[in-house]
Amino acid sequence: MSATGPAADPLVAVDAIHTFYGKSKILHGVSLAVGRGEVVGLLGRNGVGKSTTLKSIMGLVRPAEGRVLYEGAPITGVPAHRLARLGIGYVPEDRRIFRALSVTENLRTGLDRRGVSAARKRALLQKVYDFFPVLAERRAQAGGTLSGGEQQMLAIARAMMLEPKIMLLDEPTEGLMPRMVGQIRQIIEVLRRDNIAVLLVEQNVPLTLEASHRIYIIEKGVVRHHAMAADLKPGDAVIKRYMGV
Amino acid sequence: MRDRRHAVLFWTGFAVILALLAVAPLVLPEFWRRFLTEILIWGLLAMSSDILIGYTGLVSFGHSAFFGLGMYGAAAALLATRPPSLWLALLCGLLAAAAVAAFVAYFSTRLRDIYFAITTLIFSQIFYVVIFTWTDVTGGENGLTFRRPPLAIPGLFSMPFTATSLHWFVLAVVAGSYLVLRRITQSPFGMVLQSIRENEARTRAIGYAVERYKIVAVMISGLFAGLAGVLYACQNQFAAPDFVFFLVSGEVVIYNVMGGIGTLVGPFVGAAFFLLLREGLSRFFTEFYLIPVGFIFIAMVIFMPQGVLGFARRWLNR
Amino acid sequence: MLQAILIQTVNGIVTGMILALVASGLTLIFGIMDVVNFAHGELFMLGAYVGVLTLAATGDFWLALVAATLLIALLGAAIYLTTLRPLLGRDPLTTILATFGISLVLQNYALWQFGPVARKIQEPFTGQFTLFYLSYPWYRLVIAGLSAAIIGALWLFLKFGTFGIWIRATTQDRLMAQAMGIPVPWVLTAVFAIGSGMAAASGVLFGPLVGVNHAMGLDWILKAFIVVVVGGMGSLGGSIAASIFVSLLEAYAALWVSPAQAVIVSFVVLILTLLFRPTGLFVPTVR
Chain G
1 MSATGPAADP
11 LVAVDAIHTF
21 YGKSKILHGV
31 SLAVGRGEVV
41 GLLGRNGVGK
51 STTLKSIMGL
61 VRPAEGRVLY
71 EGAPITGVPA
81 HRLARLGIGY
91 VPEDRRIFRA
101 LSVTENLRTG
111 LDRRGVSAAR
121 KRALLQKVYD
131 FFPVLAERRA
141 QAGGTLSGGE
151 QQMLAIARAM
161 MLEPKIMLLD
171 EPTEGLMPRM
181 VGQIRQIIEV
191 LRRDNIAVLL
201 VEQNVPLTLE
211 ASHRIYIIEK
221 GVVRHHAMAA
231 DLKPGDAVIK
241 RYMGV
Chain D
1001 MRDRRHAVLF
1011 WTGFAVILAL
1021 LAVAPLVLPE
1031 FWRRFLTEIL
1041 IWGLLAMSSD
1051 ILIGYTGLVS
1061 FGHSAFFGLG
1071 MYGAAAALLA
1081 TRPPSLWLAL
1091 LCGLLAAAAV
1101 AAFVAYFSTR
1111 LRDIYFAITT
1121 LIFSQIFYVV
1131 IFTWTDVTGG
1141 ENGLTFRRPP
1151 LAIPGLFSMP
1161 FTATSLHWFV
1171 LAVVAGSYLV
1181 LRRITQSPFG
1191 MVLQSIRENE
1201 ARTRAIGYAV
1211 ERYKIVAVMI
1221 SGLFAGLAGV
1231 LYACQNQFAA
1241 PDFVFFLVSG
1251 EVVIYNVMGG
1261 IGTLVGPFVG
1271 AAFFLLLREG
1281 LSRFFTEFYL
1291 IPVGFIFIAM
1301 VIFMPQGVLG
1311 FARRWLNR
Chain E
2001 MLQAILIQTV
2011 NGIVTGMILA
2021 LVASGLTLIF
2031 GIMDVVNFAH
2041 GELFMLGAYV
2051 GVLTLAATGD
2061 FWLALVAATL
2071 LIALLGAAIY
2081 LTTLRPLLGR
2091 DPLTTILATF
2101 GISLVLQNYA
2111 LWQFGPVARK
2121 IQEPFTGQFT
2131 LFYLSYPWYR
2141 LVIAGLSAAI
2151 IGALWLFLKF
2161 GTFGIWIRAT
2171 TQDRLMAQAM
2181 GIPVPWVLTA
2191 VFAIGSGMAA
2201 ASGVLFGPLV
2211 GVNHAMGLDW
2221 ILKAFIVVVV
2231 GGMGSLGGSI
2241 AASIFVSLLE
2251 AYAALWVSPA
2261 QAVIVSFVVL
2271 ILTLLFRPTG
2281 LFVPTVR
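Residue numbers (our numbering), protein chains in the order written: chain G, 1 to 245; chain D, 1001 to 1318; chain E, 2001 to 2287.
The hints are simulated quantities; they were obtained by calculation from the structure and are not laboratory data. Remember, predicted model here, so these are calculated numbers, not experimental data. The C-beta atom is built at its ideal place from N, Cα and C for all residues, glycine as well. Take the hints with a grain of salt, since some may be wrong.
Claimed, not checked - What the simulated footprint calls covered on chain D by chain E, stretch by stretch (three residues with Cβ under 8 Å from a Cβ of chain E suffice, anywhere in the stretch; the number is not a length):
{"id": "1", "segment": "1016-1023"}
{"id": "2", "segment": "1099-1111"}
{"id": "3", "segment": "1115-1122"}
{"id": "4", "segment": "1130-1141"}
{"id": "5", "segment": "1183-1192"}
{"id": "6", "segment": "1249-1260"}
Isolated chain G (complex conformation) (with noise of 0.2 Å):
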């Protein structure tokens, strides 16, 4: 893959989206592409338009101006539940797992889907189970009742029962503590191994770096940078212009 994008056939491709939030315009003329297992990565100060843009191709937005392409097809306009039933997979910031559903409850949203046998959901939800074991342990308790991290868990754990083909991960860090951060890094990793590709929004800076192939930077709606992660070290200038860090 190329500084300037994936190889022809990317998974999802934003082209030069303008979307609003209300009156006000937040994006205008977002471009990028993420390639199928690909961890890319969108960095960004608070307020600049990543969470739009993740909405923005969950289909939770409608943009006013621009496309949305999932597998080369356009999908500017399908409801959000036919994409999730498509294999993106939509993780928000604040986690908003389903908080008076159990933990079990939660997984089911996403497991409950036609065509999956009873034998694969046993075995999907035993594999979330394995990797998670705290949620297995809290498996009949309701979701309000989980801790900041084990509710991040939960919500990612709950996406992956769609076995999506993209991972949208909205900020998974912000508000964990250090040990959980190194947590999301093996769960990114694990997504990888799968060949499930992610596209990461985040503002740390060092975790996105080390878990991404590559990098946007965006800014006041638009992106403003573009590289390989390996090409990029959280010391550099750009990062510190964008990032203010």
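Knowing the structure of chain G, use the given hints to seat chains D and E on it.
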């Protein structure tokens, strides 16, 4: 400069319409004359509702209570003295409406949108049930009948109302109310109300005591609704519990939506539109006119939420 | 005197269960889509009419119950799809207006179709049993039992089963439910249909107790609103508890005042609730 031009346009338009409405009873047949007076009264009621819906963002189903109590308050006054006194009727009607408004305001304004609508509805029904069952005082199901008071200034003169002079009286009251309400909505107070409608949380965060503003809004709204009730009592010489039933409030809200909320003039257009529709459709649908009118209303909520006035405004602005 | 109180207790519970059935549908709909369904009373009323017609055609009360529930559920789905779905993104007050308009149309439609004279639904079985020296109709107990059964079935449906999870997830966070692949548009339609069906069933069950006429929905919608506010808006358990509570109080009040005045009790309960526990008298800890 623009403000001056705007003001000139407004006052010219106002004067023209006022003149037309004043001349109307002289040229219209009796039926339509009455119709016009009724439009004015219902329009006043709807205008009072607009303060809440259009300017504060609160849908109230309680206006039938204010209207009805204004009516009954006037009725009580008109039955109490001989000869019946117009000014006493006005006073009692407004006091009754104000009391009800205070009561309703106290409870309802703590609640947000939907709960406000439901609670005002329930309060309407509370008053309905009380009036309906307290037959000794309110005449129960049959209501009260009484004589129309003369236009009188005690000691100076007394002149019974004719159909035409009553119309002028109503017109004067309604026009005056419109000007007062217009002044209020354009005042700083009115601006705060609109800010509450736009974004209540932000208005509160800026530091305004939102609940207090809402209470005042409900009181103002209730007062003018009560005034409409007094006028209705004078016009028709009876008061009945049917007017307190919440469906009347619902109809008033329909006038608001049809005419255009947040415009003060819209409610009159809406009332006229609805009453004309009723007239017209009754020919074909008899008493079931509400079926097609209901459909039209629903369609307007979905497709023309700005009402007739909003639609006309956009069409004019092209 | 004791007998009278006992009878009223049973009466209160019977009415309370029907009210609970009506209010549950209202709460379910409000919880999931923030729509205050003004037309709910009319769905109750139309259910009763469908019951009347089916009963007249087939003579089978239970068939009438099923037919009314299914037909009105379909009507509910149709109403939702044509009128409410377009309004979902907008100011929530527009849905109040729209459902109010629908209630007017349905009420007058019923008046037009069936006339102002009340119809009667024959009870499926007459017969009474003795309750402390007095005769009490079996049928009333059956209504209470059936309503409880339907509500119980609803609770089970929500608690277990995929669709129940979908409904609960959508109620809590519509956006994330979509992001998890739950077909939210269908869930909303289905919930509106279920709520409507429940209202219709209540109408048929209650029919034999009073006459069926076009205005019967008005009383119920008012009581249902009160109960939903007192019970805690959006809380299923709360509205059920409140239904029984308010109905019992009204039944007792009817010992001293006329039924028309007994409704004031529910108004008083509402006012007290708003004064002291505005979030609801019966709101459980975590919903």
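To see whether the hints hold, each was checked on the structure:
Residue count for the segment 1016-1023 of chain D with a Cβ under 8 Å from a Cβ of chain E: 0. That is fewer than the three needed, and the coverage hint is violated. With 3 residues having a Cβ less than 8 Å from any Cβ of chain E, the segment 1099-1111 of chain D passes the three-residue criterion, so the hint holds. For the segment 1115-1122 of chain D, the proposed coverage by chain E is satisfied: 6 residues have a C-beta within less than 8 Å of a C-beta in that chain, meeting the threshold of three. Note: the segment 1130-1141 of chain D has 3 residues with beta-carbon separation from chain E under 8 Å; the three-residue rule is met and the coverage holds.
Requiring three or more residues with a Cβ within less than 8 Å of a Cβ of chain E, the coverage given for the segment 1183-1192 of chain D is violated, as only 0 such residues are present. As drawn, the segment 1249-1260 of chain D meets chain E at 4 residues by the rule of a beta-carbon pair under 8 Å; at three or more, the given contact holds.
Checked against the numbered hints given earlier, the structure breaks hints 1, 5 and satisfies all the rest.
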